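K.L.:
This is what each chain is made of:
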Amino acid sequence: MSGPDAPRRSRRQLLLRWGLPVLVLIVVGLLLALILPGGTDGSVPAADSEPTASEGLSPDGEPTATVPPSPATEQPAASVAAREGVPESARTVAVAAAAEFAGTAEWSDGASVRVTDARQQVTSGRGPGERAGQPQTVFALELTNGSGAPLDLNAVIVQAVYGGDKSQASPLYDAETVDFSRTLEPGGTATAIYSFAIPADQVGDVVLSVDVDGYRFPAVFSGAVPVR
Amino acid sequence: MSSLSVRGSRAGSAALAALLAVGLLLLGLAVPGVASADTAPDPGVPATVAADRLGTVQVNGVVWSMVTVGNMVYATGSFTQARPAGAAAGTSETPRANLVAFSLTTGVMTAFNHTLNGQGRTITASPDGTRIYVGGDFTTVDGVARGHIAAFDVATGALITTFAPTSNAAVYSLAATDTTVYAGGNFTTAGGQARTRLAAFTASNGAVTAWAPTANHTVRGIVLSPDGTRVNLAGQFSQINGATAIAVANVNTAGTEMRTWQLGITNSGDAGGVWNMKTDGTNLYVVAYGFQVGNIEGTIALNPNTLELVWMNDCHGDPYDIFSTGTVVYTAGHVHDCETSGGYPDQRPTVWKRVIANTVAATGTLKATTQVPRYTSWAGRPNPNLLTFFPLLTAGSFTGQNQAAWSASGNGSYLVLGGEFPTVNGTGQQALVRMATRNIAPNTRGPELTAAQMRPNATSTTPGEIKVTWPSSWDMDNETLTYNLYRNTGTTPVYTVTAKSQWWNRPNMTWTDTGRPAGSTASYRVTVTDPLGNVVNSTQGNTATVASTASAYANRVLADSPAQYWRLGETTGTTAYDYVGTANLAEAAGITRGTAGAVTGDAAITANGTTTGRAATTASLTAPNPAFSVETWVRTTSTAGGVIAQFGDNATGANTTTDRSLYVDAGGRASFGLSRRVGTGATATIAYTTVRSPAVVNDGQWHHLVATVGAGGTQLYVDGAQVAGNATMTTANTRVNPGYWALGTGTLTAFVDTPTSASLAGAIDETAIYPTTLTSAQVVQHYSTATNTAANPSPTASFTSTANQLALSVDGSASSDTAPGTITSYAWSWGDGTANGSGVTASHTYATAGTYTVGLTVTDNDGATGTATSSVTVSGPPPANPAPTASFTVAANGLQVTANGSASSDTAPGTISSYTWNWGDDTTTPAGAASTVPHTYATAGTYTITLTVTDNGGATNSTTRNVTVAAATAEFARDAFGRTVPAGGWGNAEVGGAWTASVGGNRLSVTPGAGVMDLPTAGNNTGAFLGGVSQTSADIRTSIVVPVAPVGTAGTDAYVSGRRVGAGEEYRVRVRFYTNGTVGLVLSRLSGGAAEAFPGGEAIVPGLTYKPGDALNVRVQMFGTGTTTVRAMVWNATGAEPATWQMTRTDTTAALQVAGAVGLAAYRPGSNTSATSVRFTSFSARPVA
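Residue numbers (our numbering), protein chains in the order written: chain E, 43 to 270; chain S, 986 to 2170.
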């Protein structure tokens, strides 16, 4: 579902540095909010101007190999959902630690999310709204509220992209999938199951974004999904 | 019957036509008496739209749901690109992400464009037409967060920012008033509040309202009653608000008061339910499906307030969506059997109609189905008229479900169908199509048979007459068609007739051209025209020569009403014409024409003994069944044998299965065989049973052969006399249908008395197939007519037999002869090499027990004979009565014991007639037939039980066994699941506290009497445990029902956990229900993050099989620390508990040598392709005694 403006967007969805000071993010976020009036195009504040490792060519056609990426300090671009009435500038809670799928993604206020299970299967739906024989990657997520305030989980948006061209994976809902919901009190833990149409031969290169609300930056898991 | 109207174009032809109409009626070829209904219907019947495909925007996936607002159609589903009508897949594409809009009148896509990041499942409009609501899987719209529901402004096309409610899973169904939006689906929260699959939102701000009824399974349809007082619900649930309501219910607008329907539907969940629900402002329409016996399947109209039945169409094949114009109801789906509505019965091979049309008005009552027990009969219920509207939509591959149409919408002038079809009426038109009423449509769909298929046959067997026969055609949207018949190159019809036909009901049509000069020739063509003027002009037919003398033989054959009759007298060309219909034979290169025939004045064909010596039908024919006859003539000197006539399943002769085979066999004799299927599934084989003439037929003379099959068995006649018979050959193989008749060659692999060649070198003539039996009088009349000999019909042999040990009594009094003939002698062959017996009745005593073929040959006063054979089994006399042997087992459970004496035996044929039990506590259970008896002792102790068995000869035997009983220990867990849990899950056990979901909590439910673990998807794990229990010694009993047969190698699993120390730390016993009906037990160990281990391996329980729905009792014991002993047994709940454990294991895994909880679980292995569930109907646990 890469629209015509996908390359432009992916250049703007630039890198978040691990452990960047929250202040820097706020400043850059504000700058971007000015550059992108309305703030509803789903872009992420840019932390710097280096191209992402996923880009094949820089805008002028130069191979990106001439700009050596620094993997230790970069993470893939997140999928972000816009929220009505909540400007992009309201995103103030940074991701303190992003993660590979085996790790835990933490926000700077102590909240965290991890993938507790991942499974690759083939759909066997029957009847209207269902599909049979399609690849399906199922993620079990666990969100822990390590912050000091209640966390509204009613509008968590989990999205996945895969492969070198960062194809958007369609969410799939069946009897098992269930989103995060309700309010999570401090110290509490919530679980949810999301699934996406990711081909089995693409699970080695997936970016899973957990966008909790309009106020914290999405947590991102990337790399190979450890499907069982 | 007024459905045939005739107008003669020439003086005199009307009277002939009227005679013909009567003849058609007498022949049973008349069309059914349903009213004409289509784009030009009979008075009082509503018109459908025309079947013309109107160009419409296409999408590259599936359209699940549509709504029409004014002139705009909004469609949602799963797709990424749209393209204009006429564009090939992958060309001229414009991105449209799961939502598209187009003009109803032009079919052209509009600029309305929003990106849903996941599929939409349902779409509806507000009653005032200002808003569109979409529900589905998506979580963002144009990158903006949306919790599976979104609203759009119809006027501006914009996403409405003030309506952004959330739910935590997919939304399947929506209904809107101007102030409230109702949603159904699979969610358990909405707007942050607990809402169990049903919720409502305020239209102005998206806030969740207080409306909160609950459903225990997916909600797939919501419709407001027209007066707004009831919210109708449909789906896969069996409960609403915790009360039983299977698949359909309605609630008041407070959500508190519930009504359901009263149609006795028996299934819900994955096995059956309702896929969708719509209204036309008067009726509520539900589309019901069922994968098991008991459910209604079809479209059902209900009162939208009371849910009382208005009508049902009982058309089988899942329906998916409905659109009603107020006079016509269109159902999208794959209907394949509409028999009880007066429509089409199941076809072979199956034909799926992807859209059907019914009247809104009930016009009659349902007939009884002929498919019991496959379908439940709903005979007598009100029923609408099935209308003639059968456009052709082909199945697509996008959903993997082999479907075409999934959704329907429109208005009074247009029908719109959505789905995944790639073509409509044979032309590319993907996923969306429009059709329109006659005043709008081009009305170009005409009669469907081609010019070649309409080609008439002309034959003459009577001086002065040519009989012309042609098939009736059919039309997608017109039932009444007009036929004009033209002679030679004439342009004025010699005959005109109108008749009704449908695609499944196309009788032959015939007319006789009279007053033709002997020896003159004529050929004919026919046109068929629909009421809109679409016409098909047939290929000119064959040239017939008018007979100068009557063919007495041919007219004798035709008088007995064959279904096909090939005289084989053509001397030129490569076609052998059918003298009844138009099922002509194509003659291959190895057929020579013009051979001197068996009947004077008409030639025969000669087959050359190779596979090219073949004359066969080119279009498939419905098999003659159950009663039928094959008649032919053969002349050969071949010792290699070969097929004379055979019905096979392949047009080219490469048959997979054949049946109804008449052939010259390995001995040069005539054999006739029927095939039957032995076994099931991939291992099934085909076996043949034959009857065989006693004399050879390869003597170079013409022989008349008739094989006739019916309820009385099969008789084989040679030259007018019955020469063989078999009372057990009563039906042909129904699997060979439709098929092809072939003469001269075929397939004889694995036949009886198989000749060296399947291809006959010899002449064949005058071959007729009858849809009835022929009597011996008819057969001999045919033979004597051909040979100009006096007719003496063969008598018919028939007898009954009674065996008494080795003595057999037979009675041939049911044999008969055609008057004035009489049977003069009866000869009995006993099948054991002894001399024949005689007399109407006879008896014979066999030397040894066994199965023998007994034959009766009756001879009449003119020497004609008839034969019948039957297989009889005799058994040996009783020996001196040896004493039986008493044997029993005993199992104790607390103070109760169950003694099982079924292992006691007696020497055959003796049987044990009674069991007497002395319990050793001064009580006795007197002699009775039951081999398994319970007994409860008053006090603990050791007792001696004595069993005495008595056989049917009065001999007795006794044996004893000691049993020690102890007082039962208290249960620490017990649950009979006699409750409802509206919120889902299993709630609280009667003893043992709350059930906690270990996995798959949303698939746990309780219906009174069973704790249910649903397994809708391969790989599903579902489980629950009693976390309040902690013990190291558990004696667990439970009863398990697997209601659906597993499909796949691994079956369905149930788990009984006796020691759950923590998540991923437990001992449990897996009970595996294999696809082949066997049951396996294995100890399953989970510990330390290691993969599931099975110490000691699996034990398949000997002698135990189950069927879906059987209750199996399971007992599991786990006890000990340091070393844990696990043992288990499983048995059918209708039988006694086994005396010994079927699986015993020990294990020392350190982490599991501590106290744990008890629980249950179910798993559907990835290989099991059938959605299923596991039901636990009882559960108890106590310390091991």
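A portion of the hints provided could be inaccurate.
Part of the chain E face toward chain S, derived, beta carbon under 10 Å [unchecked claim]:
#1 Ala123
#2 Arg156
#3 Glu172
#4 Glu218
#5 Asp221
#6 Arg224
Rather than coming from a laboratory, the hints here were simulated on the basis of the structure.
On a predicted model such as this, the values are computed, not experimentally measured, just so you know.
Note that the Cβ used here is the ideal one computed from N, Cα and C, for glycine as well.
K.L.:
Run every hint past the structure and note whether it holds.
P.N.:
Structure-based check of all given hints:
Interface hint at Ala123 of chain E: satisfied, since its Cβ lies 4 Å from the closest Cβ of chain S, which is below the 10 Å cut-off. Look at Arg156 of chain E: its Cβ only gets to about 15 Å from chain S, farther than 10 Å, so that hint breaks. A hinted interface residue such as Glu172 of chain E counts as satisfied when its beta carbon comes closer than 10 Å to some beta carbon of chain S; here the least separation is about 7 Å, so the hint holds. At about 6 Å, the closest approach between the beta carbon of Glu218 of chain E and any beta carbon in chain S falls short of 10 Å, and the interface hint on this residue holds.
Among the interface hints, the one on Asp221 of chain E holds; its C-beta lies about 4 Å from the nearest C-beta in chain S, closer than the 10 Å criterion. Satisfaction of the interface hint for Arg224 of chain E is found here, the shortest Cβ-Cβ separation to chain S being roughly 6 Å, below the 10 Å cut-off.
When the structure is compared with the earlier hints, a violation turns up for hint 2 alone.
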